[in-house]
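Line order of the protein sequences matches chains U and P.
Each number in the numbering used here comes from the position in the first sequence (counting from 1) with 269 added on.
Each number in the numbering used here comes from the position in the second sequence (counting from 1) with 269 added on.
The hints are simulated quantities; they were obtained by calculation from the structure and are not laboratory data.
Among the hints, erroneous ones may be present.
Per the computed footprint, the stretches of chain U lying under chain P, defined by three or more beta-carbons under 8 Å from a beta-carbon of chain P, are [to be verified]:
| # | region |
| --- | --- |
| 1 | 290-296 |
| 2 | 320-330 |
| 3 | 360-371 |
This structure is a prediction, so every number in the text was calculated from the model and none was measured.
Glycine residues also receive a C-beta, built at the ideal position from the N, C-alpha and C atoms.
Number of protein chains: 2
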Amino acid sequence: MSKPKSQNIHWHHGDVSRADREKRAGHRGVTIWLTGLSGSGKSTIAHELDKRLLARGATTYVLDGDNVRFGLNKDLGFSPEDRTENIRRIGEVAKLFTDAGVIAITAFISPYRADRDRVRSIMNEGDFLEVHVDASLDVCESRDPKGLYKKARAGEIPEFTGISAPYEAPLNAEITVNTGEADLETCTNTIINYLETKGYLFDLPK
Amino acid sequence: MSKPKSQNIHWHHGDVSRADREKRAGHRGVTIWLTGLSGSGKSTIAHELDKRLLARGATTYVLDGDNVRFGLNKDLGFSPEDRTENIRRIGEVAKLFTDAGVIAITAFISPYRADRDRVRSIMNEGDFLEVHVDASLDVCESRDPKGLYKKARAGEIPEFTGISAPYEAPLNAEITVNTGEADLETCTNTIINYLETKGYLFDLPK
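Pulled out of the complex, with its shape left as it was, chain U reads as follows:
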C-alpha cells in the first residue's frame, strides 16, 4: 500500500469557481423565472428557450411541475404554507443550478409577489430574471389546454389562480412578454435579446 500523501486532507474551498464553470459554458449561470397565469404560455416559452439556447451550445434546464411536483416537492400540498414552501425550494434549486453555471428556466404560476421576491433575495444581483408571461385571463381561459379553468369555474378546483385566488403581477419584472399579443417566436426573442444585450451569453455562437 502506498503511504497517503496527507493524513489530514480537507476541503480546499473554491477549487473550481463559478467563473470557471461559466467560462467553460460560454455563458453566465442565471435563473429565468417565468411567472403568469395557468395557460399563459410559461411552459411553452420555457421549452422553446431551452431548445434554442441548447442549439447554440448553452447548458440549460427547465424546472417545472413535471419534474418538481412529483419529486422534490411531492410531500407538499396546496395550502398557503405548502405553496410558499414549494416556491422556496424551487428557488433554492434554481440557485444551485445558477451557481453550477446553468441557465435555469422555471415555469411555475408563482402567483404571490412575496414568494417571488424571497427567491430574488437569496440570489446575487443579476442572477434572477423575473419574466412576466402576461396574457389576459380571457386569453388564458379561452386556451384552457388542460380544462382547468372549466373545472375551476364549476367550483371543482378551489383557490384557482385568476378565478378564486389572486395573481399578483410583478411590479418590476426584468422582462414582460404578452403571449396574447405576440407569437411564441417573438416572445422568446425578447428574452434571448435581453440575455444578449446584458452580456449573459458572452461566448455563445449566434
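Start from chain U and add chain P according to the hints.
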C-alpha cells in the same frame, strides 16, 4: 399587434431530450454519491473530481453541506426524520442535475443504508453510482480537521456518526476507495477510470 400563431399553445413534451443534453455535454448525466465517515475525505475527493472533470470540459457540480444545509435544507435539523428528509431532498436535486446532463457529485456522510437505497430507487439504472469513501474510524479521528471527533468524544455533539451513532457501510457500492491507504490522486483515478470504462465520458477529450 401581430396576431398570435396559436391561441392554444401548450407544452410539447420532450422538446429537448436528455440525450440531446448529454450529446452536447460529451458525457452522461450521472450522480456520484460519496458516502463515508466525517473526515474520510468525501469533500476533498468531490472537489478534486470536479476540478479534473471540468478541466476536460465536463459539466459538473458538487452538492455538499456548504450549499445545501444553509439553503434548500435550512429548515431541517438533526432528528432522525429530518436526516432522512435531508438525504431525500439531496437525492431529488441530484436526480434533477443528472437529468440535466450534469455530473452531480454529492458529499454527505449519509450514514443510513435505507436512505441511500431510497435515493438509488428514484434514479434510473446506472444514474446512481455509490462510492464508499472508506477510511477507518482511527484514521478519520486522527485527521479530525474540524475538531468534531474531539467534541463528540467529550459528549458535546450528540449522535455523532461513528462515535455515538451508526455508520452503515454500503453492501454493494459501485466503487470503494480507501483514503487511509491510497492518496487523493489514486482515489480520484479509481472513480474516473470507472466512468471511462463504463462509457459515461463517451465524448470527453482525455
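* Which numbered hints are broken by the structure, listed smallest first? -> none
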